[in-house]
Amino acid sequence: MDTLAVAQTDWVGVTFDVLRFIVYALTIIIGIATILGWRKRGWGRSLLQLAKTGNAFAGHILPSILQKFEDSDLAPKGTLRDWTVILGTSVYKTDSPKVLNTFGEKVLEESGIKAIIDTHYTDFSKAIDRSNPQTPLDVEGAAFYVLVKREDSDLVKPIDTYLFKNPGLDINYRLVALAGSFYLRDKYFEKHPELSGETGDTD
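Under our numbering, the first residue of the sequence shown is numbered 340, with each subsequent residue one higher.
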């Protein structure tokens, strides 16, 4: 059993080394492409293309890799959410607890995820229950994953349509799920105030 545990640990380490190599390799490739582009077109357009490529990698490719790693237990639980929170400052205020900003409220309403949460709240809350949250942060994280894991279901097809029609917003399903997770978190706290972290008068 100890040997198996060590082997699994080594495999996780190797896997992260592979991921790190991929990131470094892509960085080098992007850098070379930028230099070649500069020689041909000048720095302005090259840096713009570099920024676009970097954003695409950070916002779309890397999260997909992290999700696969996490689903396979090859990355710590919460890795995908932590990365999405880093990228998602466009939809929330950096308060504690996190709350949606004006743009986040707009995404929550117009994407349709608020209506989806309201309609299917019972199922979503049961899924949060199954994660056995012990703290407000546990609830917040569970709410995010409840929504992220529905990405390929028919339930969220309206969100796909919303994203297709609004490419200029520069968001993806995970950021919509992040916005929705704060709303779902608060609805869950209404039913489970003991997990909200707020202390009130008990007299």
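Treat the hints as calculated values from the structure; they're not laboratory data. A portion of the hints provided could be inaccurate.
Stated by the list, open to error - Quick list of in silico lysine-lysine cross-link-like pairs, BS3-like style, CA-CA up to 30 angstroms:
{"id": "1", "residue 1": "445", "residue 2": "488"}
{"id": "2", "residue 1": "488", "residue 2": "453"}
{"id": "3", "residue 1": "530", "residue 2": "504"}
{"id": "4", "residue 1": "432", "residue 2": "453"}
{"id": "5", "residue 1": "465", "residue 2": "445"}
{"id": "6", "residue 1": "432", "residue 2": "526"}
{"id": "7", "residue 1": "453", "residue 2": "465"}
{"id": "8", "residue 1": "453", "residue 2": "526"}
{"id": "9", "residue 1": "445", "residue 2": "526"}
{"id": "10", "residue 1": "504", "residue 2": "432"}
{"id": "11", "residue 1": "526", "residue 2": "437"}
{"id": "12", "residue 1": "453", "residue 2": "437"}
30 angstroms Cα cutoff - pair residue 445, residue 526 | Holds: residue 445 and residue 526 sit about 18 angstroms apart, inside 30 angstroms.
Straight-line alpha-carbon gap residue 432 to residue 526, limit 30 angstroms = 19 angstroms, holds
Does residue 432 pair with residue 453 here, judged by a C-alpha cut-off of 30 angstroms?
-> 18 angstroms, holds
Compare the distance between the alpha carbons of residue 445 and residue 488 with 30 angstroms, and conclude whether the hinted pair is satisfied.
-> With Cα atoms ~22 angstroms apart, residue 445 and residue 488 stay inside 30 angstroms; holds.
Would you mind confirming whether the straight-line C-alpha gap from residue 465 to residue 445 stays at or under 30 angstroms?
-> Within the cut-off at roughly 27 angstroms; holds.
Taking 30 angstroms as the top limit, are the C-alpha atoms of residue 488 and residue 453 close enough?
-> 16 angstroms, holds
Given hint residue 504 paired with residue 530 - CA-CA distance at most 30 angstroms = Violated. Residue 530 to residue 504 sits at ~35 angstroms, over the 30 angstroms cutoff.
Sort out whether residue 432 lies within 30 angstroms of residue 504, counting only the CA atoms.
-> 26 angstroms, holds
Measure nothing beyond the straight line between the CA atoms of residue 453 and residue 465; if it is 30 angstroms or shorter, mark the hint as holding.
-> Answer holds: residue 453 to residue 465 is near 17 angstroms, not above 30 angstroms.
Hey, residue 453 versus residue 437, does the alpha-carbon distance stay inside 30 angstroms?
-> 17 angstroms, holds
Straight-line alpha-carbon gap residue 526 to residue 437, limit 30 angstroms | 14 angstroms, holds
If you draw a straight line from the CA of residue 453 to the CA of residue 526, is it 30 angstroms or shorter?
-> Holds - the C-alpha atoms of residue 526 and residue 453 are around 11 angstroms apart, at most 30 angstroms.
Consistency with the previously given hints fails for number 3 only.
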